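Novice: Sequence:
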Amino acid sequence: MSLYFDHMANTPVDSRVVEAMLPHLRETFGNPLNLHDFGAKTAAAIEEARQKVGDLIGAKAPEIIFTSCGTESNNFAIKGIAKANEKKGKHIISSSIEHFSVLYSLKELEKEGYKVTYLPVDKFGVVSPESVAAALTPETTLVTLTHASNEIGTIEPVREIAEKVKGKAVFHVDAVQTAGTIPVNVAELGVDALTLSANLFYGPTGVAALYLKKGTRILPFLLGGTQEEGKRAGTHNITGIVGMGKAAELAKLEMEANAKKMIPLRDKLLKSIPEMINDYFVTGHPTQRLPGHASGYVKYIEGESMSMFLNMEGIAISTGSACVSKALKASHVVVAIGVSPEDVHGSVVLSLGKDNAMADIDLFLEKFPPIVERLRQMSPLHK
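Position 300, counted from 1, in the sequence shown is what our numbering calls 372; the numbers after and before it change by one each time, with no gaps.
If you're looking for bench data, these hints aren't it; they were derived computationally from the structure.
From a predicted model like this one, the values you see are computed outputs, not experimental measurements.
Be a bit skeptical, because a hint or two may be false.
Ranges between beta-carbon positions, derived for each pair [claimed, not checked]:
id: 1; residue 1: K286; residue 2: E445; range: 22 to 30 Å
id: 2; residue 1: K179; residue 2: A133; range: 27 to 35 Å
id: 3; residue 1: Y190; residue 2: E326; range: 20 to 28 Å
id: 4; residue 1: G386; residue 2: E445; range: 44 to 52 Å
Straight-line distance between alpha carbons at most 25 Å, and here's what the computed DSS-like set of lysine-lysine pairs gives [what the hints assert, rightly or not]:
id: 5; residue 1: K238; residue 2: K286
id: 6; residue 1: K240; residue 2: K195
id: 7; residue 1: K187; residue 2: K155
id: 8; residue 1: K162; residue 2: K238
id: 9; residue 1: K286; residue 2: K303
id: 10; residue 1: K236; residue 2: K286
id: 11; residue 1: K162; residue 2: K187
id: 12; residue 1: K132; residue 2: K187
id: 13; residue 1: K303; residue 2: K332
id: 14; residue 1: K343; residue 2: K240
id: 15; residue 1: K343; residue 2: K286
id: 16; residue 1: K132; residue 2: K159
id: 17; residue 1: K332; residue 2: K343
id: 18; residue 1: K240; residue 2: K162
id: 19; residue 1: K195; residue 2: K155
id: 20; residue 1: K238; residue 2: K332
id: 21; residue 1: K162; residue 2: K340
id: 22; residue 1: K371; residue 2: K155
id: 23; residue 1: K155; residue 2: K332
id: 24; residue 1: K155; residue 2: K240
id: 25; residue 1: K343; residue 2: K238
id: 26; residue 1: K303; residue 2: K160
id: 27; residue 1: K160; residue 2: K113
id: 28; residue 1: K151; residue 2: K340
id: 29; residue 1: K371; residue 2: K343
id: 30; residue 1: K113; residue 2: K132
id: 31; residue 1: K324; residue 2: K371
id: 32; residue 1: K155; residue 2: K236
Even glycine gets a Cβ: it sits at the ideal position worked out from N, Cα and C.
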């Protein structure tokens, strides 16, 4: 038995994506910057993938810049846009629930004299569009917000926020958890820059992209070559890029069906776990959340212990961000929605994928309550 409920951290590569990548491991090795036929073949494969990734989010192919991961795209967007526009001002708006790749980039800019406003969220993790509007100043050059946090799954009102930001600052959105999972159209959302990553929609790891609306100013993050129209130097990961293109093509066709399959599974978890376990509380928005995301916290015990006991039963879950799971720190995201630091340590995140079935949910609900009970009997906090 092996159940994988950690799709917010990584998804398995679709077999059709693997098949699309294989020929390029063997045959497509020319440098796309060179003018010979080998280079032309590689360049054509990259541009085909760029078009497919653009199609996924409603962008034009030249607006897609390939990177190595979501973290790089976020760093690139935040630092590059801020520094390209610093003559106008050095004020940035973000939120208290951002991924660390966003927060650490902002902290670095603060050391360089930038001012960052970190907006609070409500108990569901929602950023208020009105709070964004109130925080804007003549010196604001960038607003950077998540589309959905991997820890609580709440989908943010990006379109409404974009209406407040339009014409006043560049708007960047971290859509790593949404692009390829729910419909994301950059024109409809009204964003100027957007991060997406192949490994969250059944593509390979080690490849991602940054959408940059035509005319949006940015300084290069990596230097040393003219790749990606001079915006991102470095030899292209051809097999990864082809894989991302294929994954994007499949996601555009299948995400609606995948979501319809996952929502009933998610809702059963959200409803059943609190009924079966005392002092278990759901986190995130009750309805405006990712289709396969069910998160909460259990009082009196630690998420790491629950994860380890479930792992012994062949069930993989997360206790929060994969980037901090070894640090044993209280999740800043769950703290931001008002959960006490003591209870935060009992956080669990169940993130489902397209291959999960109702039988998987039933098995989890059979195994999880006895584990909680056993750990509570061992806990000095439980009376």
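Novice: Evaluate each hint against the coordinates.
Specialist: Do the hints match the structure? See the list:
no.	hint	verdict
1	K286 with E445: 22 to 30 Å	violated (57 Å)
2	K179 with A133: 27 to 35 Å	holds (34 Å)
3	Y190 with E326: 20 to 28 Å	violated (36 Å)
4	G386 with E445: 44 to 52 Å	violated (19 Å)
5	K238 with K286	holds (15 Å)
6	K240 with K195	violated (28 Å)
7	K187 with K155	holds (13 Å)
8	K162 with K238	holds (18 Å)
9	K286 with K303	holds (13 Å)
10	K236 with K286	holds (20 Å)
11	K162 with K187	holds (6 Å)
12	K132 with K187	violated (33 Å)
13	K303 with K332	violated (38 Å)
14	K343 with K240	violated (42 Å)
15	K343 with K286	violated (44 Å)
16	K132 with K159	violated (28 Å)
17	K332 with K343	holds (17 Å)
18	K240 with K162	holds (13 Å)
19	K195 with K155	violated (34 Å)
20	K238 with K332	violated (33 Å)
21	K162 with K340	violated (46 Å)
22	K371 with K155	violated (44 Å)
23	K155 with K332	violated (42 Å)
24	K155 with K240	holds (16 Å)
25	K343 with K238	violated (39 Å)
26	K303 with K160	holds (21 Å)
27	K160 with K113	violated (43 Å)
28	K151 with K340	violated (41 Å)
29	K371 with K343	holds (17 Å)
30	K113 with K132	holds (21 Å)
31	K324 with K371	violated (40 Å)
32	K155 with K236	holds (22 Å)
The structure shown violates the earlier hints numbered 1, 3, 4, 6, 12, 13, 14, 15, 16, 19, 20, 21, 22, 23, 25, 27, 28, 31.
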